[in-house]
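Colleague: In case you want the letters, here they are:
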Amino acid sequence: MSTDTNTIEVLANREYQYGFVTAIEADSVPRGLNEDIIRLISAKKNEPEWMLNWRLKSYRHWAGLQESEAEPKWANIRYGPIDYEKIVYYSAPKPKAKLNSLEEIDPEILATFEKLGIPLTEQKRFAGVAVDAVFDSVSVATTFKEKLAELGIIFCSFSEAVKKHPELVQKYLGSVVPYTDNFFATLNSAVFSDGSFCYVPKGVRCPMELSTYFRINAADTGQFERTLIIAEEGSYVSYLEGCTAPMRDKNQLHAAVVELVALDDAQIKYSTIQNWYPGDKDGKGGIYNFVTKRGKALGRNSKISWTQVETGAAITWKYPGVILQGDNSVGEFYSVALTNNYQQADTGTKMIHIGQNTRSTIVSKGISAGHGQNTYRGLVKINKGARGARNYTQCDSLLIGDKCGAHTFPYIEVKNATARMEHEASTSKVGEDQIFYLKQRALSAEDAVSMIVNGFCKKVFKELPMEFAVEAQKLLSISLEGSVG
Amino acid sequence: MLDIKNLHVQVGDREILKGIDLQVNAGEVHAVMGPNGSGKSTLALVLAGRETYEVISGEVTYDGNNLLEMVPEERACRGVFLAFQYPVEIPGVGNTYFLKAALNAIRKYRGLQELDAMEFLPLVREKMKLLEIDDQLLNRAVNEGFSGGEKKRNEIFQMAVLEPRLAILDETDSGLDIDALKIVAKGVNALRSPQRAIIVVTHYQRLLNYIVPDYVHVLVDGRIVKSGGKELALALEDQGYARVEAEIQSTTTAHF
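Residue numbers (this note's numbering), protein chains in the order written: chain A, 1 to 485; chain B, 1 to 256.
The following block holds chain A by itself, in its conformation from the complex (with noise of 0.2 Å):
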């Protein structure tokens, strides 16, 4: 047997640091979904009735996806049936008493984001960093929100900015992602529970990264949670979102909602860190996280820009794109998606142009170890009247070991012949030779498999913040642990 597998094997043994769970109350609903349980949901966060009666327009809808053909099957990915009726949609830790200020938060769940390096006093570590804490189905601590008030920056959970903002959040609300947009998407606006909400007024950059961490805690729980960042004219926010869960022996569903709309001149920067439980090394347990994710570059000049590192998760099923509305508006896409073990991943983006002289990038790279498989799959779409549009694709896969794979489908329908569009594709292999090479060098295995596959992904680590880019290359190390020799 070849010391690439050898070392593969070693480091996917490695445990996943993130995965226990923290003892805490809490308030959930039966499990199943019915029209009482979106009722309930709703009667719990106290919402207004618009709110109630998109959640149940987007019920009935779902109920009648769900009769018809249900989830889509398109994807490279193989699963067992979701029973939906089994999962609890939402599932909130029960608060001691009433929370005005941060200490106020149940200690259990401050001690969680502390071992999750997510301190939420505002003092610590990340100084130019403010969070927005979800636990399980609700927000429990946003920090920095006096400062971010004063320039007028709205950075709060979704459930208050619903109750505080209801004219925002009914103007954009489903304006990127209808809810009908599609199967999970539909789930998602039917029973979605909170998430971050935050709005930059015009001519505003915001001084600090926004960030949201996503903590599953409670078992057989679904994780709902609906993220909507408005930028207006001339406006700058660069935002990034973080997620782990225990490590649980049945998968867990996770079906998000992101939509970002960018008006004349602005640009939102928004980065992932997925860390998802990925399931054991047989492939037992794990998060199905299936997402999707949106931007409409609305404004002219405006630019919205998706990096994400995809490292967890037992299924990885998303395709943030970008809508190029506006004339000269810019989208692009970076990504890096780790599989090992059994993990499966199927993302990409979809970039839409429509405006005059849109432009936009992607940059795919795709590591497989173990029994991994990992699949691009893009559209990049040039309409009719989108005159003068150009598009850039870079689409690189590096397999590590002999037992996973890598898949690529990159669709691209042109309907206006003044479009450029250039694609470029790779596949690699981590070689003994490189291996050997590092090696003689005085590097561990484990280390010369990071340094390689950290060396592969530097095009879409560079486009990180600066402090999350540090961790997402030990992120990379940690997935990795295991992997070759």
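Don't read these hints as lab results, they were simulated from the structure.
Note that the Cβ used here is the ideal one computed from N, Cα and C, for glycine as well.
Fair warning: there could be bad hints in the mix.
[Said to hold, decoys possible] Here are the simulated distance ranges between beta carbons:
1) A/R78 with B/D179: 58 to 64 Å
2) B/R107 with A/G80: 48 to 54 Å
3) A/P207 with B/L123: 36 to 42 Å
4) B/A190 with A/F409: 50 to 56 Å
5) A/S428 with B/L68: 30 to 36 Å
6) B/Y86 with A/D402: 19 to 25 Å
Go by the hints and put chain B onto chain A.
Modeller: Then chain B, alone, in the frame of chain A:
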């Protein structure tokens, strides 16, 4: 420092080294010469710990320890360096970053303080000057898009920075023009010291005009068939390997 006794090595079913004996002391430079396919590179790679080669019998001690029991990175940490015949590319990994990681891995193993960027840079600058390495080369990814000559020079540059105790140069001269050859030789000669040993594996005598060896060994078909001083290399250049091979076949007693 290095003691090789009756070393037999095979790849698959094919025996490539058929009983090598070689002793290298600190301060010495040994040249291992031989025709293509004689096993020169195999010897170099076995000493560095390449797993694809299987040692069937024999022993190799390095500073009194069993070298064959050590994993490649331990050998490197203890000062064994191989300048590769075909250095591989590591895309996206900066040369400087890589070299610093290598040096610090070695320092850590030896219980020395790891160097930070500020301490590392002056050291690198000094060695760059010695090997006439361009700044720009340092900022590129390891061997990525390097010409054959640049790759070889980069190997010697790495050697200069890592300062090994036992350096093995595997056909470092192949693919070098005469100017590059002189620069490489300068780098190697600067490393010569009473504490250090160097094994130069080469097909041609040319490099040995610039790196003058203390001993020359002729490897033919997996065996060292002749050893001598630097003049042996010149004789070989003159008469070719065929002559040596013929000589060996006629005198069966020519064993050391």
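Colleague: Taking the hints in turn, state whether each one holds.
Modeller: Here's how the hints hold up against the structure:
1. Restraint check, A/R78 to B/D179: a C-beta distance of roughly 59 Å satisfies the suggested window 58 to 64 Å.
2. At roughly 51 Å, the beta-carbon separation of B/R107 and A/G80 lies within the given 48 to 54 Å, and the hint holds.
3. A hinted range of 36 to 42 Å holds for the C-beta pair A/P207 and B/L123, which are about 40 Å apart.
4. Taken as a hint, the range 50 to 56 Å holds for the pair B/A190 and A/F409, whose Cβ atoms sit roughly 55 Å apart.
5. Between A/S428 and B/L68 the Cβ separation comes to about 32 Å, which falls inside the hinted range of 30 to 36 Å.
6. Take B/Y86 and A/D402: their Cβ atoms lie about 23 Å apart, and the range 19 to 25 Å holds.
Hint check: no violations occur; every hint is consistent with the structure.
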